[in-house]
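Undergrad: With chain A's structure known, arrange chain B on it following the hints.
One-letter residues, chain by chain:
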Amino acid sequence: MNRTTDLALPTIGADESYPPLVLTPRQDLAGYLISWAGRSIFFAITCISVLSILLIFAFVMYEAIPFFKQYSIVGFLAHTDWYPQSIPPRFGALALVIGSFYVTFTSLLFAIPVGILAAVFLSEMVGKSIRSIAKPIIEVLAAIPSVAYGFFAIKVLAPWMQRHLGLPTGANALNASLVLAIMAVPTITSVAEDAISAVGRDLREAAYSLGSTRFETTFKVVVPAAHTGIIAAVILGMMRAIGETMVVWMAAGNASQIPKPWWDLSQSIRTMTATIAGEMGETAKGSIHYHALFALGLLLLMITFGLNILSDVLLSRNRKSTGRT
Amino acid sequence: MRLGLRLALDRSFTMLAATAVIVLALALLVLLVPMVSRGTSAVFFRGTVEFRRMQLALYHRGKPGQINAEIDRATAARKRIYDLVDQFKQGIHTDDLKVQLRRIHRQLGQELQERGLTGQDYARLRTISTEIRDRLERALDTTDPNEVRVNLDYVLTFSINPELSSTSAQAYFKIAHQLRETMQRMDLAKRMEYASALRELEGILQELFGPRPSSQLPPLLRQQYGATRWDQAQVLLHKLLYKEQWVQQDPDRPLIRVETPRKTLFAGTSLEELFDYVPRHIEEMLLPRLTVYWQFFVDDSLESHTFGGVGPELLGTILITITAMVIIIPLGIISAAYLSESSADWLPIRIIRMCLNTLAGVPSVVFGLFGLAFFVLTILPALGFGARPSILAAGLTLAVLALPVMIRASEEAIRAVPQSYKEAALALGAGPVRTFLTVTLPAAMPGILTGIILSLSRIAGETAPVLFTGAVAMGPVARSILQPTRTLAYGSYDMAVGDRIADLSPHNQYGMVVILVLLILLLNALAIMLRARASNKLRGHA
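Chains A and B are the protein sequences, given in the same order. When we follow the working numbering, the leftmost residue of the first sequence carries the number 1, and every step to the right adds one. When we follow the working numbering, the leftmost residue of the second sequence carries the number 1, and every step to the right adds one.
Next up, chain A with everything else stripped away, as it sits in the complex (with noise of 0.2 Å):
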């Protein structure tokens, strides 16, 4: 309240003249124009991220057309001999394909359960002095950076797995999808528990009022409210799953093959991820296995890219649906 005195308020009529408040219109075209300036500056370098995005694509799609003129579409796709060093050289990626996508749904077939359970946990059972606390165990392991999870795996749990399961190798599809669950938790958690937050109160209050438990509130009322949006938390977590690089380069064995019996986590397997970093730094620039690489890096952008956009339609869906609070 003090503070107002110190302030020096400009006396009018005083020794200096001000000029007039009315603008001349050359002064009021200078400022629109400045302005419109200054907004076409900002529209100009809010857009670089428009170009990052299209130079990606561009960039990795130049990259990999040589391969395809090279190698046949089926070859790549549907064949699971991948030896780049052989005479010819052979592309088959349906085992790193498929590799990507068995880690990705053994740790989802962790981080589901968990992640919802924490998410629902978060936002319907306790008060704000628990969440003070789960919130940033939550945001310090999504945080943790990935070639740290990649050494746990390898340096901890590794030997481990060695030790106490009895498994010939601890690098293999387990740890992988183990390490690979805990790192999704966080995405899901997250994003779930917000798609569960936005529920409106009046179900959850019609949902009470009618005699329910809090276990029917919640899997009768408030998931099937959120469930677009606990949809897209997984879709979430699994980008970040089939996307991740280190912990699979360096925990999943790296064998370019499918596990047989396909249920046998013991085995060791190579992701898409895995095979770019591993193989990338010792290809020659221009050759077909450097392209190929590139073709791999283009499948696994399409496939993030068309799970991200399915999870953007699911959640704005979810802002709809649950919108009336």
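Because the hints were derived from the structure by calculation, they are not lab data. Take every hint as true, because none was put in to throw you off.
Dumping the calculated DMTMM-like pairs for lysine to aspartate or glutamate here, alpha-carbon to alpha-carbon at most 25 Å:
id, chain 1, residue 1, chain 2, residue 2
1, B, K98, B, D86
2, B, K422, A, D28
3, A, K135, A, D312
4, A, K320, B, D345
5, A, K220, B, D10
6, B, K174, B, D86
7, A, K128, B, E412
8, B, K174, B, D121
9, A, K320, B, E341
10, A, K128, B, D10
Sample of chain B residues facing chain A (criterion: CB under 10 Å; computed from the structure):
id, residue
11, L16
12, G368
13, S457
14, V497
All of these numbers come straight from a predicted model, not from anything done at the bench. All C-beta atoms in this analysis are idealised placements derived from N, C-alpha and C, irrespective of residue type, glycine included.
TA: For chain B alone, kept in the frame of chain A given last:
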């Protein structure tokens, strides 16, 4: 009953949900505790005299007088070990002795010539010398104790020969005496076994105490020093005392580790004493002391991270991060300002938002591919720089990666500024630009700072995008941003899977990754705190 069931279901569901959060908390603990506890030992540990010797020799750190005194004390304590080993060796390493015998024989011949002996005397003594030499060699070769005794007794009959007194031949008899002593205490049939066991033992001793003071310096740096750390010394001591073997019990099952006390391998020999002496006197021989190796943050690493620290990696990470931040701070704030002030329904804005979402979803390794194809191979050569990975290219790639993070956080911060602030500014006659610069931006600054810190932590931790654009596992410290650099993230990867040498110094492996993790956790803690304060402040004013 039905109600009871419903309530029980409700209760158990609550428990299950709580378990999910507890599982996450446990996962965080399991992840961080072993890494941090092992990683901090790269800086805080009990350093031995070998560590101080290394620091003095390589970096001129410490007081030379004091350290040399310590080295002398340790060397004195270690002398007993080498004496024991040398004594034992005599019965084992017969090749050395045979060379010695031949030398004595040659020397004796020269001596006899110098004395002026010629003709028959010379020939006779020369024959005796040959005879002694052959007998001793036979004693050395055989594994039959009787034959050894017979040969040695035969040789020793010459020891009273006056013609041979005060000549080199006395060396023969000395060897014979020692041999007799050693042979009495050793099972000769086990000689080959002993030889290989001794070789192993000497290897461990060298790892523990460094090369013997008298011997030549080995070429590799890590062989020039013994155990520099007390924890390392403990492991080596265990290795010294127990021999580890992998035994197959069942062809289908994995091998089983069996440890046998090494003492039993040398049972009955003079070397047995060593296995009591070393554990009892190890502290005197290594002089461990609590050490804070803060130079870990600045030192370059030596020989695949055997010694040294993570200085260049830390520097590289900081340089790449700064390069990226210089680009995305202005870009991010301007974009966020524009997005937050524009109508959400305008088509270009919707397109921009969609692109931002897509950008945020691009896998990090694809950013690496893009950075390689665009920055490294296209833009930098077009600007006249070399087409090779560099800090600049890595920084640009990471800037594109972190742009969505920055824009989202800044936009959130700008949106959180109460409308009344802007209205007040506009009412006072400020234009939109001035309103933004003087009112909205300062009010949103803490939130924007949060965004900056979060993108910082994202950039510092990324590995895949810099794999092809600017990171190297080894190499000189970068002198300009047009050169590639080592980074903490790539270094962590490389040390974890790169080679077996790094496995020999786990403290450095864990140290590298822990510095990265702690750096990022610190940044995030800062961001969380700032955000809490910013939102409290704005809420208070609104």
